[in-house]
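**Student:** In case you want the letters, here they are:
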Amino acid sequence: MTASAQARQGGWIGIGVGIGPLQSSFADRDSQSETVSVSYLHFGGWTRQRWMIGIDLEGHNNPIRLVGLPDVADPVTVLGTVAYYPSSSGGFYVKGGTGWLGAFVDIVDEFGTKASVRVGQGFSYIAGTGWDVYVGKRLWLTPAVSFRYAHPGDMVLGGQVRVANWSHRSVDVTLGVKFD
Amino acid sequence: MLRQTVGSRLLAVALCAASATTCDNSSDPIFPSAPTSLTSGIAVYDGTNFSGTSAYIDRDAEDLTEYHGPCDESEDTMRSWDDCISSIRVAAGVTAVIFADTGFKGFAVTIDRDVADLGLIVGPCHRGSMNNCVSSIRVRLP
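Going line by line, the protein sequences match chains Z and C.
Numbered according to the working numbering, the first sequence spans residues 1 to 180.
Numbered according to the working numbering, the second sequence spans residues 1 to 142.
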């Protein structure tokens, strides 16, 4: 069965993981680079034959260490996305979206109690392309390449700016599974 | 309906009796205002720099939602001291442990000197601080 088997009705649920380089920029220090791993959960629904709107929830599997914070920063992103399938039957698509990003760190008190604190928040964009490949039983494999930009801004802890004006951009390759 | 314990009512009565201030006649527990000169216990304020409404506390307070205060979380709950403290005075020799949750649970910070702005103390609430974040307090007298 080929991608032409897409019913393009109803909705999809997808999960996936990916990896790619991430470049961070700051107002108070030099930029830094690292390789990050991301996971996503996607909910989508067909609006027309070639258009799908969705919500993507994304998190990093290896949170980012920033000097000035007591623990690694853990970005969590919620995106509203639109995907366009140029072919009425093929699985190729392009996708874009925007949404909210929060950066969290864990803090530990003197008694050992841990708490997760949001130290920054801002906007995020995504643009990418991918291909839905049918593997059977309403399951699809989706390799994709995405560019992401996010601007969490200042990381504030204890009322003080610990990291100034953080923004980051990344390109990652993901492999996901969709169920329709 | 708010849960109110007999213990907290007795505590409020004792606090009122021990202070020189006038206590509210309502049935809800209430802390007396902070004295001008703090010789024991702690004084908490809803504003930074020891400003705004104050309260004097000289023993453990397990649930600040039970004490009438200047803050309200919603229209359905009474105004209380829960998530309402922005600065704290501590009498000499006294130690207070402030908790982010009721029942002496959650993220906690030990205070052994005056703190004019809890917004500068690392915690789990707004801007990663303890400002407007305290829900229970342990008071250790010398």
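Hints were generated in silico from the structure; no laboratory data involved.
Ideal Cβ placement from N, Cα and C applies to all residues, glycine included.
Accuracy of the hints is not assured; some may be wrong.
A partial selection of chain Z residues facing chain C, derived with a Cβ cut-off under 7 Å [what the hints assert, rightly or not]:
hint, residue
1, 15
2, 17
3, 99
4, 109
5, 111
6, 115
7, 117
8, 121
9, 156
10, 158
Interface residues of chain C toward chain Z, partial, derived using beta-carbon atoms under 7 Å [said to hold, decoys possible]:
hint, residue
11, 41
12, 91
13, 103
14, 107
15, 116
16, 120
17, 122
18, 127
19, 129
FRET-style restraints, in silico, Cβ to Cβ [to be verified]:
hint, chain 1, residue 1, chain 2, residue 2, range
20, C, 142, Z, 113, 38 to 46 Å
21, Z, 70, C, 52, 39 to 47 Å
22, C, 72, Z, 72, 46 to 54 Å
23, C, 116, Z, 111, 31 to 39 Å
24, C, 70, Z, 65, 23 to 31 Å
**Student:** Compare the structure with each hint and give your call.
**Tutor:** Here is how each hint holds up against the structure:
no. : hint                        : verdict
1   : 15                          : violated (29 Å)
2   : 17                          : violated (29 Å)
3   : 99                          : violated (22 Å)
4   : 109                         : holds (5 Å)
5   : 111                         : holds (6 Å)
6   : 115                         : holds (4 Å)
7   : 117                         : holds (5 Å)
8   : 121                         : violated (11 Å)
9   : 156                         : holds (5 Å)
10  : 158                         : holds (4 Å)
11  : 41                          : violated (22 Å)
12  : 91                          : violated (21 Å)
13  : 103                         : violated (13 Å)
14  : 107                         : holds (4 Å)
15  : 116                         : violated (12 Å)
16  : 120                         : holds (5 Å)
17  : 122                         : holds (4 Å)
18  : 127                         : holds (5 Å)
19  : 129                         : holds (5 Å)
20  : C/142 <-> Z/113: 38 to 46 Å : violated (26 Å)
21  : Z/70 <-> C/52: 39 to 47 Å   : violated (30 Å)
22  : C/72 <-> Z/72: 46 to 54 Å   : violated (37 Å)
23  : C/116 <-> Z/111: 31 to 39 Å : violated (24 Å)
24  : C/70 <-> Z/65: 23 to 31 Å   : violated (40 Å)
Consistency with the previously given hints fails for numbers 1, 2, 3, 8, 11, 12, 13, 15, 20, 21, 22, 23 and 24, ordered from lowest to highest.
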